[in-house]
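Enquirer: Chain residues, written in single-letter form:
Protein chains: 2
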Amino acid sequence: MLPRTETLLFCSARAQLVDEVIRPHLANGDIVLLDRYADSTLAYQGYGHQRNIGLIQKVLDFATGGLIPDLTLLFDIEPEVGLRRRQKGGGEWNRLDAYQLQYHKRVRKGYLKMANEDAKRWKIVDASQKPDMVQSDIQNELLLFFSKIS
Amino acid sequence: MLPRTETLLFCSARAQLVDEVIRPHLANGDIVLLDRYADSTLAYQGYGHQRNIGLIQKVLDFATGGLIPDLTLLFDIEPEVGLRRRQKGGGEWNRLDAYQLQYHKRVRKGYLKMANEDAKRWKIVDASQKPDMVQSDIQNELLLFFSKIS
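The listed protein sequences derive, respectively, from chains A and B. Residues 59 to 208 in this note's numbering are what the first sequence spells out, letter by letter. Residues 59 to 208 in this note's numbering are what the second sequence spells out, letter by letter.
Derived by calculation from the structure, the hints in this document are not laboratory data. Treat the hints with care, as some may be off.
For chains that are exact copies, the list does not tell them apart, and a pair is met inside one copy or across any two.
Claimed, not checked - Here are the simulated BS3-like pairs of lysine-lysine, each with C-alpha atoms no more than 30 Å apart in a straight line:
1) 178 to 116
2) 116 to 171
3) 163 to 206
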């Protein structure tokens, strides 16, 4: 499959998800938690495949109708370490994992670029730590976030 | 299905078609004939559903990589007549046909707007004529086109 086709199919799924699931919950006052969203498309399909970021951003704006998260947590880790963890039997190995290490390095760089460009929305969690430390960092970020908006 | 999702799925299919089929044929010096392309997405999903034309154009640019036809023939007909013909048993009735007449009127208006804005590429064929007249108009447009480029 072409990277462009892959990007558009991810965007199709996101478009439907936004209007069918996310917006109704938000309208209800619920908290919506996603483990990937538009930024992942930019990271994997844009930065990873070295495509036109500005144009993919337009496609994503169209797909999401401009809906942006209030808080984004980036679990940052060296690609070598992340890939090794995955192979050892955490989650299932998928097609995207099969790309070369160089690809994952570009993806990480893209994520860090986005996080640094909008430090108010993005919080970087050091995912190389032990699980309980990662969890404690997440809790701290969430407590800080909710203390600001409540 | 959401109009936005529909648009993105059509764009996914077009992206794959462009690189997998159309570009290799063009590189071979072949003539490629399509019975719908990016402009149909603009007409049906953009003008028909009254969406942001500029943004859909960006999504299409991304999908096609900017590939534009040299010649586009618009078979123009009153929606009332076109829909009646279709119901009588020409082609199969599909989901898009089921939209209301108002929708098809907006689609036609969109097509005519695009054709008038780029009269060099678009040629309008009066499809309300008898089939042999329509065919003869097509032949004339093609002869004219090829006489110009050869």
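Enquirer: Does the structure break any of the earlier hints, and which numbers would those be?
Expert: 3
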